[in-house]
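Dock chain one against chain two, each of which comes alone in its own frame, and use the hints as you go.
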Amino acid sequence: MAVLDLKGLLKIFGTDVRAVDEIDLHIEHGELISLLGPSGCGKTTTLRLVAGFIDPNAGEIVMDGEVVSNANSVIPPERRNMSMIFQSYAIWPHKTVSQNVGYGLKFRGITGAEADKRVKSLLSVVQMDHLGARYPSELSGGQQQRVALARALVVEPAVLLLDEPLSNLDANLREEMRFEIRRLHDEFHITSIYVTHDQAEAMVTSDRICVMNSGKIEQVGKPSDIYDIPATKFVAEFVGVTNSIRGKIGAPGLFEASDGAKFMMNADGGKAGELVSIRPHRIQVHPENADVGGADAQNVIDGEVTRGYYFGSTVDYLVKVPGLEEPLRVIGDPHQFFGVGSKVRLTIEKAAVILVSDS
Amino acid sequence: MTQDAQQLPGMISGGEPSATRKFDYTVIVWVVLLILLIILVANPIFQLFKESFFVSEDEAGGFTFQNYIDAFETDEYYKPMYITMMLAISVGSISLVVGAVMAWVVSRTDIPCPNLIRNGILASFVTPPFLGAIAWIFLAGQNEGWLNKWIRGLFGLSEEFYLFDIFTMKGVVFAMSLYSFPLVFIVVLAGLNNISSDVEDAANVAGGGTFHTMFSITLPLVAPSLFAGFILAALEAMILFGIPAVLSIPAGQHTMTTQLRAFMVSEDDLLGLASAYAMPMLILAIGMVWTRGIVLGRRGYATVGGKGGQRRPQKLGAWRIPIFILCLIPLVCAIVLPGFALLTTSFMRNLGGGLEWSNFTLWNYHFILTNDAVRVSIYNTILLAIMAATGATIVAAVSAFIAQRKLIKGHQYMGFMATAPIGIPGIVLAVGLFAAYTKQPFVLYGTLWIMFLAYLTKYLPLAYQTANAGLSSIHPELEESCRIMGANRLQVFKDVTVPLFKTAVIASWILVFMPSLRELSASVLLWTTNTKVISVVIVDFYEETLLGPISALGVLLLLITLVAIVAGFRLVGRDFMSSSG
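First to last, the sequence lines map onto chains A and B.
Mapped onto the working numbering, the consecutive letters of the first sequence carry residue numbers 1 to 359.
Mapped onto the working numbering, the consecutive letters of the second sequence carry residue numbers 1 to 581.
Because the hints were derived from the structure by calculation, they are not lab data.
Treat the hints loosely; a few may be bogus.
[Stated by the list, open to error] Straight-line Cα separation of at most 20 Å, PhoX-like style, residue types lysine-lysine; simulated pairs: (1) K106(A) x K233(A); (2) K248(A) x K233(A); (3) K95(A) x K502(B); (4) K350(A) x K248(A); (5) K95(A) x K106(A); (6) K7(A) x K233(A); (7) K106(A) x K502(B); (8) K262(A) x K120(A); (9) K494(B) x K95(A).
[Said to hold, decoys possible] A short, non-exhaustive set of chain A residues, derived as facing chain B with CB atoms under 8 Å: (10) L47; (11) D55; (12) P76; (13) M84; (14) F86; (15) S88; (16) A90; (17) T96; (18) Y103; (19) G104; (20) F107; (21) Y227; (22) A297; (23) G323.
All C-beta atoms in this analysis are idealised placements derived from N, C-alpha and C, irrespective of residue type, glycine included.
In isolation and in its complexed conformation, chain B is listed as follows (with noise of 0.2 Å):
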C-alpha cells in the first residue's frame, strides 16, 4: 500500500505528462477471438456444408448434389422429418399452453405457494429429459408399467388391459412436452413480471372486466412472449436426441436426430447424406431463433411500467384449490413421479418384482462403481462440465467485459461473435465438428478435445448472455469514480470489478457446469471407448437393456447436479437460474 503511495504523490509535478501511447491491444484481441470463432463456428459449418455436396466414399468424384437427392427424395428419410416437424409443433403447442396458463397463475393469482410452483417448474428444466424418458417406461409401459398395473389391480382388469403406452408418438409428444413446457414458463413468467398492474388496472376502471382485460390488454401485451416460448419449445423438441432414441426407435419411428446419429454410425460412410441432411435442421433451427430475437427485440412495449407498482392478485375463489392441484400435475409427472421411479429402480433386484424387502440390492450401485467404463464415463463428464465451464466463461466474461466497456475498436460486435453459434443443434454441430476434425491437420476425434470443443461452442451463447447481463448492471461510474480517487487500471479491476463482477460468473459456471453434465446429443455422435460420457453411457446400457444400473447411473447424475445448484444457490443466491432469461 506504501509503494503505491509513493508513486503517486508524484502526480502533478514532472514538466510533460508521459508520452507513452498506450499499446494498442485490439488487433492480439480480435485475432485470438476471430481464431476462436473460425475454430468453434466457422470451420464446422463450412466443413459440414462443403461435405454436403461431395459423395462421401468418392471424394475425387467431386462437387454433387446426390445428398441432397438421396436426402429428400427417399421415402425412408424423409418420412422423419415430417414427424419430426409434427413433434416441434405438437410440442410446442401443448407447452405453450402449459406453460403460459401456469406462469399466468404464478404471476397474477392468489394461488397457494406460488413459490412451490415456481421452483419446481425451474427443478424439471435441470431433470436430464432421457432420464425422465427412461423412468416413463417404468411408470408406463404397456405390462410392466407401474400406472398400468395399479390401475388393474384396482379396477380388477385383465393382464390385456393397458392405459398408458409410452412407447407411441403421443408418448413421445407427452415426454418431450414435460421438459419443454419449463422454456415456455419462464419466457412468459418474465414478460408478465415485466407488465404493471396499474395497466391492469386501467382497463378495470375503463370499465373492463377480468376476463376482457386479460384479453384485450395482458395478453397482447405477453404476446412476443408467447411467442418466443412457444420457438424456443418447438426448437428444444426439434433437435432433441435423448427422447426418441429412448422411446420412439422403439416405436420404430425415426426423428431427424436418430436419423442422423443412424448415418453416423452406419457402416458406410454417410458423411456427406448426414451434413445434407443436417442442413434444414440448422436452418430451421437458426432462423427460429432469429424470429425470437426479432420479436422479443421489439417487446419495448412490454416493458413500459416496468416492475414498479404493486401487483394484484386475482382472486381464483372457489377454483383456487383445484387449479393448484392441476398446476402441480405436470411437476408431478415431470419430477415426483420420474425421481420416485429412478430411486426405486436403481435398488431393486428385478425390475418386476415391486416394492418388496427381498427385492432389495446395492447390486446396480456396486455394478456402475466397479465398471471400468463407467468409471472412466464419471471422470470424463466432470472433467468435461469443469473445463466447459471454465473455458466458456472465461472467453464470456472477457468478451462481455470488452464489448460493455467498449475497450477495443468493433467492440459493439462483440456479442454478436460470442453469441454466434447460438440456435446451432447440438447434434448438427457434433457431425459439423467431426467433418473438420477427423482428418489432418486437426485430428481431434477420438480425444476428449472435440468434445470440449462441442460443449464450448453449445453453451457460449448462454454464458454470454449472462455475464453479460451481470455486467451491465454495474455502472461505469462506480469505475470511474474508483480511477479519480487515485486508482490504476489494475488496482480499479481488483478493488471494483471483480467483486461486483463475481457473482456474474459464478452464475454462468453453474449454468454451463449444469447442462454439461448431461450433455447428450453432441456427445453421442463424438465419443470413442476412451471418451464415453454419463449420458452415453445411460444410452449403452439401455439398448443393452441394463436397466437397474441405468436407474443408478441416473440417480448419481441428478445427484451431482443438485451438488452443483445447492452450490450455486449458496454462492449467487436464489435467482441464479432465471438470471440469463
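Bound-form chain A, shown alone (with noise of 0.2 Å):
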C-alpha cells in the first residue's frame, strides 16, 4: 500500500497540447479514486505518468515521500512494484492462463511451489481455478478481464492502475464486473486509480472521484458529493443530467434567473455566482394547484408539461414555466402520470439549488 501525491503535474504533447495542465491530487492509502472524463480530457495520460510510461514536463509524482516522476528523471515502470489493468486486457495470447498469472511473481523472488499456490489462491479468488491450463484465446471477454485482475493482484502491488477496464465488456457483464472490482478492493485495499468515462462505473466502484477536463481537475470528492454539489457547469452536465440557469444572486439565498425567475436557496457564505443547477429528480410534480406547504422553506413553481417520456421507473418531463426560457427537465414517479398540456406545480427544495462555477 502507498500514498500517492501529484504536484503541479504537466504533460505537453507536440508543442502545446497541455494533456496534463499542471494538476494536484492527493491519494490515501488503499483508497481508490477514480479518473472521470470525457475523452481528451488527460485522465489516461494521468495514469501513464504515474506508470512510468512516460515523462512529465513539470512537476512531480511522489509515492510514500519518494519522488519516483519528475522532469529531469522517471523510475521505469518495472522498478515501482505496481500493477496496471489495460483497456484490452493485454493478456499474453502466448501464455496459458496460470502463466500470464504467475509472470509477475519471479521478478519479486517467488518461485516454484510458493508462486504455484499464490498463482492458484488468485486465481480462486477472481473464479477462474478451473481454466488455469487454458490459453487466452479460448476465454471469453469476461474471462481474459479476471485474468488481467488476478495477474494484477498476485504480485500484491503498492499501486493498481486500471484504464478503463470495463470498457470492452458487453454491458451486462460491465455491470457485474463493477461490483467485482469494488469487491476485490474491499478484499485486498490496494491504493488504486481507475481511468473511466463511465459515470456509473466510477460512482460504484470509487472512494472518491475525481473529475477532468481539459487536461484540469474540476473537482475531487466521494460519489455523493460530486453528484449532489457539483462545484462547476462541467462537473453538473458531465455526471448525470441538470437543469443549468444562469442569472445572478439577488440577495443572500435567492437567485434571479435572468428571464425573470427567481429561486430561493441556502445562503452559502455570499459566495458569488452566475449559475445554478438543479437535478431533474430534485424536483417534485404536483398536481395543478396541490397543497405542497409552505412556500417560504421551498420553491413553489406553477407551470404546464410540454413533453412526457414514461420510462418504467420513471418519467421524463419537460416543464415549462414562467421565468425561464428554457423549460425545466424533471424526473418524475411513473405512478402519477401527467400527460402532455397538463398543468402541475413543482416544488424545488431549497438545497438542491446548487450554485456552481461556470468553467
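Below is the structure:
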C-alpha cells in the first residue's frame, strides 16, 4: 500500500497540447480514486504518468515520500511495484492463464511451489481456478478480464492502475465486473487509480472521484458530493443530467434567473456566481393547485408539461415555467403521470439549488 | 531468475530517482539507416542519372543530351518501347479479367473446391516465369510442340499444320498473363473479402437483383482493388526479363528489358545510352506504384463492415461445373502442363523422342550435378537467397519495430525509407548498381556482394510490409503490461515481443528467400563467371539450346522452392503467402 501525491504535474504533447495541465492530487493509503472525464481530458495520460510510461514536463509524482517522476528523471515502470489493468486486457496470447498470472512473481523472488500456490489462490479469488491451463484465445472477454485482474493482484502491488478496464465488455458483464472490482478492492485494499469515462462505473467502484476536463481537475470528492454538490457547470452536466440556469445572486439565499424566475437557495457564505444547477430528480411534480405546504421553506412553481416520456421506473418531463426561457427537465414518479398540456405544480427544496462556477 | 529478483525489491527505497538519462540512440540509428539507403538506393539511382548525361567513351566530353536523343530517336530502340507498352496493356487487361473473375468466383459463389483454386493460383505465383516460358516451348512450339503434335495426330493433319506458336507476340502475352494474373487475383480477393455480404444483402432487400447488385454495389466497392491489380500486372509485364528473353528474342523482337541487356553486354561501352534508356521505365514504374498506393490508400470505404457477417455464396446452378472447369484452365496452363513438360523432358534423351522407355535417361541430371558452372551456381543461388532473406528481414524487422514502437525521433519516416526501393524495376536497379559499383573506390562488380545489394534492395519493401503487418498486430499494451509487472525492456523483448513477432519474421524471411532463388532480371546484368546463379545458367543454356539440362535444373529449382514453401507452411501456417498483401 502506498500514498501517492501528484504535484503540479504537467505533460505537453507536441509543442502546445497541454494534455495534463499542472494538476495536484493526493491519494490516501488503500483508497480507490477514479479519474472521470470525457475522452481527451487527460485522464489516461495522468495514469500513464503515474505508471512511469511517460515523463512529465514539470511537476512531480511522490510515492510514500519518494519522488518517482519529475521532469529530470523517471523511475521505470518495472521498478515502481505497481500493477496495471489495460483496456485491451493485454493478456499474453502465447502464455497460458497460469503463466500469465504467475509472470510477475519471478521478478519478486517468488518461484516454484510458493508461486504456484499464489497463482492458484488468486485464480480462485477471480473464479478462474479451473481454467489455469487454457490459452487466452480459448477464453471469453469476461474471463480474460478476470485473468488480467488476477495477474495484477497476485504480485501484491503497492498501487493498482486501471485504464478503462471494462470498456470492451458487453453491458451485462460490465455491470457485474464493476461490483467485482469493488469487491476485490474491499478484500485487498490496494491504493488504486481507476480511469473511466462512465459515471456509473466511477460511482460504484470509487471512494472518491476526480472529474477532469481539458487537462485540469474540475472537482475531487466522494461520489455523493460530486453528484449532489457539483462545483462547476461541467461536473454538473457531465455527471448525470441537470438544469443549468443563468442569472445572478439577488439577495443572500435568492438567485434571480436572467429571464425573471427567482429561486430560493441556502445562503452560502456570500458566495458569488452566475449559474445554478438543479438536478431533475430533485424537483417534485404535483397536480395543479395541490397543497404543497409553506412556500417560504421551498420553491413552488406552477408550469405546463410540454413533454413526458414514460420509462417504467420514472417519467422524464419537460415543464415550461414562467420566467425561464428553457423548460425545466424533471424526473417524476410514474404512478402519477401527467400528459402533455397538463398544468402542474413543482416544488424544489432550497438545498437542491446548487450554485456552480461557470467553467 | 533469483538475480532478477534481487535487483528489484529495492524498487521504491533509495532516495532520488537515478538521474541517468538514457543514451540517445537516435543519431546512430539514423546514420546507419541513411548510409544503407544511400548505398542501396540513392547512389545507384544518382549514378544512373549521371551516366545518362554523359557519353560513355568520352566522359571528358561532359554534359550531353546525346544519350536521350539516341535512345528515343533511333527507330531500332524506339520500337521495343512501343512493344513493351502494348505488352503491358494487353497483359494487364487479360490478367485483370481472368484474375478478377476468378477472385469473384472463389469469394462469392458456391464453386466446388475454392481452396484448390486459391492454392493453385498461389502456386503459379511462385513458378519462375522463365521456366514456364521454356516449358511452353516444349508444349506449343510450331513443329515439335506436343500440343500441336497431339492435334495433328488426333485429326490426321499434315506436318505443316500447327494450332499454337509460342514464338509470337501472342505467345508472349499468353505466357506473361499466366504469371501475372495471380497478382490481380490476390489483390481483388482481398478487396472482396473486405466487403461484408451485408452491403450486398442490403441492395437485394432494396430491390436490386444479383446482377444489378454486382454492378452497382460490389463492382464500385472493389474498383480500387481492380485498378491496383491492373497496375501490378501491367508493371510486371513491363519489367519482366525472362519471358521476352526466352520467347520474343527468337521472334526477332526486343522489349525494353532485353534491349537494356543488349546495351549492357554490347562490345561498345553503352552505359550512358543504357542509363538514358532505363529512365522512362524507372519513372513509369515508380509512377505506377505510387498511383496504386494512392488508389488503395483511400479505399477506406471498401473495408467498412470488415470481415464481419456471414458470407452468402451466390448460387451458380447449372453453371457450377462448367465455371469450375473454366477456372481450372489457367491453373493447368500455368502449373500442371509446364510442370509435366519440365519433369518429363528432364528425363528424356531426345526431346522429340516421345514418352518411351528407350528415350529415358538420367544424363540431364548427371550433367547438371557434375558441371562445375552449374554446381557453383547452385551454391551461389542458395547462399545469395539466404543472405538476402536474412539481410532484408533484419533491416525490415528493426525498422518496423522502431516505426511501430515510436522508439526514435522521426520514426514516422521509417516506413517510407524501408519501402523507398519499391517500384524500381530489377533490371534498372542492376544498371544503377553497375554504374555505381564498378569504379573506384567501391568495386563490387564481379563479387556476390553486388548481387546481394540488388536482391536486398529489390525485396526490402516486401520484407518491411510483412514485418510491419505482423508487428502491428501486437498491441503495445502487451509489452507495457509486461513492464509494469516488473520486467525491464530486455526481458519484455525476450518474453513477449520476440515470441509474438517471430511468425512475421519467419514469413518475411521465406517471402524474400523464395523470389531470391529465381531472381533473373537484376542477376542477368550483374553476373560474372564466378557469380552465376541458377536462373542465369538456365538462360545461358537456353542460348546454347541445352534444353534437357534446363529441364533438370528447372526441376531442381522448383524442388528447392517447394521445400521453402513447405517449411513456411509448417512454421507460419497456411496463410503466410498472402500475409503481405
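Quick rundown of the hints versus the structure:
Proposed proximity of K106(A) and K233(A) is contradicted: the alpha carbons are some 49 Å apart, above 20 Å. A hinted pair counts as satisfied when its Cα atoms are at most 20 Å apart, and K248(A) with K233(A) qualifies at roughly 15 Å. At most 20 Å may separate the alpha-carbon atoms for a hinted pair to count; K95(A) and K502(B) meet this at roughly 15 Å. Only pairs whose Cα atoms come within 20 Å are accepted, and K350(A) paired with K248(A) is accepted, the gap being roughly 16 Å.
The suggested pairing of K95(A) with K106(A) holds, with an alpha-carbon distance near 15 Å, which does not exceed 20 Å. The hinted pair formed by K7(A) and K233(A) fails the criterion: a straight-line CA distance of about 25 Å is larger than 20 Å. Distance restraint check for K106(A) and K502(B): the Cα-Cα separation of roughly 24 Å exceeds the 20 Å cut-off, and the hinted pair is therefore not satisfied. A threshold of 20 Å between alpha carbons decides the hint, and for K262(A) with K120(A) the separation of about 63 Å lies outside it, so the pair is violated.
A distance of roughly 13 Å separates the Cα atoms of K494(B) and K95(A); the hinted pair therefore holds under the 20 Å criterion. Interface restraint check: L47(A) against chain B, minimum CB-CB distance 11 Å, threshold 8 Å, status violated. Proximity of D55(A) to chain B is violated relative to the hint, the smallest CB-CB distance being about 10 Å (cut-off 8 Å). Because the closest C-beta pair between P76(A) and chain B is about 7 Å apart, less than 8 Å, the hint holds.
For M84(A), the interface hint holds, the least distance from its beta-carbon to any beta-carbon of chain B being 4 Å, beneath 8 Å. Because the smallest distance between the Cβ of F86(A) and any Cβ of chain B comes to about 4 Å, under 8 Å, the interface hint for this residue holds. Because the smallest distance between the Cβ of S88(A) and any Cβ of chain B comes to about 5 Å, under 8 Å, the interface hint for this residue holds. Given hint, A90(A) at the interface with chain B, holds; its Cβ is 4 Å from that chain's nearest Cβ, closer than 8 Å.
Hint status for T96(A): violated, given a least beta-carbon distance of 13 Å to chain B, over 8 Å. Given hint, Y103(A) at the interface with chain B, holds; its Cβ is 6 Å from that chain's nearest Cβ, closer than 8 Å. Of the supplied interface hints, the one on G104(A) holds, with its beta-carbon coming within about 4 Å of a beta-carbon of chain B, less than 8 Å. With its C-beta approaching chain B no nearer than about 3 Å, F107(A) sits inside the 8 Å limit, and its interface hint holds.
Look at Y227(A): its Cβ only gets to about 32 Å from chain B, farther than 8 Å, so that hint breaks. A distance limit of 8 Å between C-beta atoms decides the matter here; for A297(A) the minimum to chain B is near 55 Å, and the interface restraint is violated. Given hint, G323(A) at the interface with chain B, is violated; its Cβ is 50 Å from that chain's nearest Cβ, farther than 8 Å.
Checked against the numbered hints above, the structure violates hints 1, 6, 7, 8, 10, 11, 17, 21, 22, 23; every other hint is satisfied.
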